[in-house]
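Here the protein sequences come in this chain order: A and B.
Following my numbering from start to finish, the first sequence increments by one per residue and tops out at 232.
Following my numbering from start to finish, the second sequence increments by one per residue and tops out at 1232.
There could be a bad hint or two in this list.
Taking lysine to any residue and the SDA-like style, the derived pairs with C-alpha atoms no more than 25 Å apart in a straight line are [as the list claims (entries may be wrong)]:
no., chain 1, residue 1, chain 2, residue 2
1, B, Lys1184, A, Gly93
2, B, Lys1184, A, Thr78
3, A, Lys85, B, Leu1082
4, B, Lys1184, A, Lys85
5, A, Lys85, B, Leu1152
6, B, Lys1184, A, Gly92
7, A, Lys184, B, Asp1073
8, B, Lys1085, A, Leu152
9, B, Lys1032, B, Leu1082
10, A, Lys29, A, Gln194
11, A, Lys184, B, Val1074
12, A, Lys184, B, Asp1071
Quick look at which bits of chain A chain B covers, simulated, 3 or more residues with Cβ under 8 Å [said to hold, decoys possible]:
no., segment
13, 41-53
14, 69-81
15, 115-125
16, 141-148
17, 188-200
Here are a few chain A residues that face chain B, going by a calculated C-beta distance under 7 Å [unchecked claim]:
no., residue
18, Cys95
19, Leu152
20, Lys153
21, Tyr174
FYI, nobody ran anything at the bench for these hints, they're computed from the structure.
As the structure is a computational prediction, the values presented were derived from the model and not from experiment.
Where a beta carbon is used, it is the ideal one built from N, C-alpha and C, also for glycine.
Number of protein chains: 2
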Amino acid sequence: MSKVRVLEVKQSVFAENDRHAEALRSELKQKKLFLLNLMSSPGSGKTTTLSRTIEALRDRLRIGVMEADIDSDVDAQTMAALGVKTIQLHTGGMCHLDADMTAQGLEGLETGDLDLAILENVGNLVCPAEFDTGAVKNAMILSVPEGDDKPLKYPLMFQVSDVVLINKIDLIPYVDFDMDACQKRILERNPRAQIFPLCARTGEGVGPWAAWLEEQVRSWQTSPALVRNIEP
Amino acid sequence: MSKVRVLEVKQSVFAENDRHAEALRSELKQKKLFLLNLMSSPGSGKTTTLSRTIEALRDRLRIGVMEADIDSDVDAQTMAALGVKTIQLHTGGMCHLDADMTAQGLEGLETGDLDLAILENVGNLVCPAEFDTGAVKNAMILSVPEGDDKPLKYPLMFQVSDVVLINKIDLIPYVDFDMDACQKRILERNPRAQIFPLCARTGEGVGPWAAWLEEQVRSWQTSPALVRNIEP
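Please build the complete structure, drawing on both the sequences and the hints.
Here is the structure:
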């Protein structure tokens, strides 16, 4: 049965990837470079959120961006227009990034002068959750039109995300979305999750999220010990 | 390198899956059973669209539904409430369904008396596009808030989809979405794609899509030869 065989291979790939991710995180700690892994469904607003975050922080932190995409470079062009260092990673059909690909991306980005590198992962709520990229923190975006039931359906993604941005709150009047129920479901999956409702298009709510991110970067750069990121 | 190894394994899995998918399609042809594979991002409205489609066709076709989900059964409960035969398929973390899993699902559904079986695939624009499930036709939903650039970013999904439903058109006034540009991009990926803009929540536009689907089912049941479905 092909199903069973795939699972066995995935397990050995996971173990190897976990070792690479830990090694990458140690290296980032030594370099005082914070890596944020940003995940979401297709179309939840990763690139717009990233643009707003960069606008909020670019005078306070030196930022670089890695844009993962199956084979286009639409998002990298948007980032480059913001004046930040940008690199496009083509996954060639792969549904996620692993720690090796991330390390290659960081090398290509030339991070020597950066405080914060942001990885925009492939739009997908399943596979990226399974592969530790070596990031210091995982962020995910859930957009309002996707529905408040997503934490029930994609549990691992919510478990591994340190922070959940609930985007497109300007659309709440036009769709069925229960913010309280959504937040409750997120916290059931991951009681430690930070949650920030916002609207990247208008900028509403971006401030608190950007302030939280800056604090994480400062703490990573100054704290003595290496803290584990993901405890699935 | 873990990356290369994954790709090799995937190729052998693809070849085996393609054989299983062809065998399943032949079996469906003999049984005069039409299998529709419905794919989309998380939260684009697969379940609501499916509900409306069933309401439009349940007096004309005998319909059964297979709901794939990583580990919840929210959608299967919705389908069962519509009074159609329903089975829940738990993928146990897998990001797609393959032909074997689909065949198991059909067996569990007991399709002897059905004209149309609909498979609601895992919410994901990447992996499900890579695995032929054995379906007669592939349908995908792109919802308006996801953006008109998705055909650029997830090309394979649009290439393998015989029909694209553009859902949530009621949100067009509140987001940046260029319907003409979107349709053009879809047709660039797949000139044979049928496109139906609709709003599953209100029912607008569901009629033409349901009529197209019914015609496909009738044609499958009555045409003599087996027609290949996917030409990626």
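ask   = Does the structure break any of the earlier hints, and which numbers would those be?
value = 3, 4 and 17
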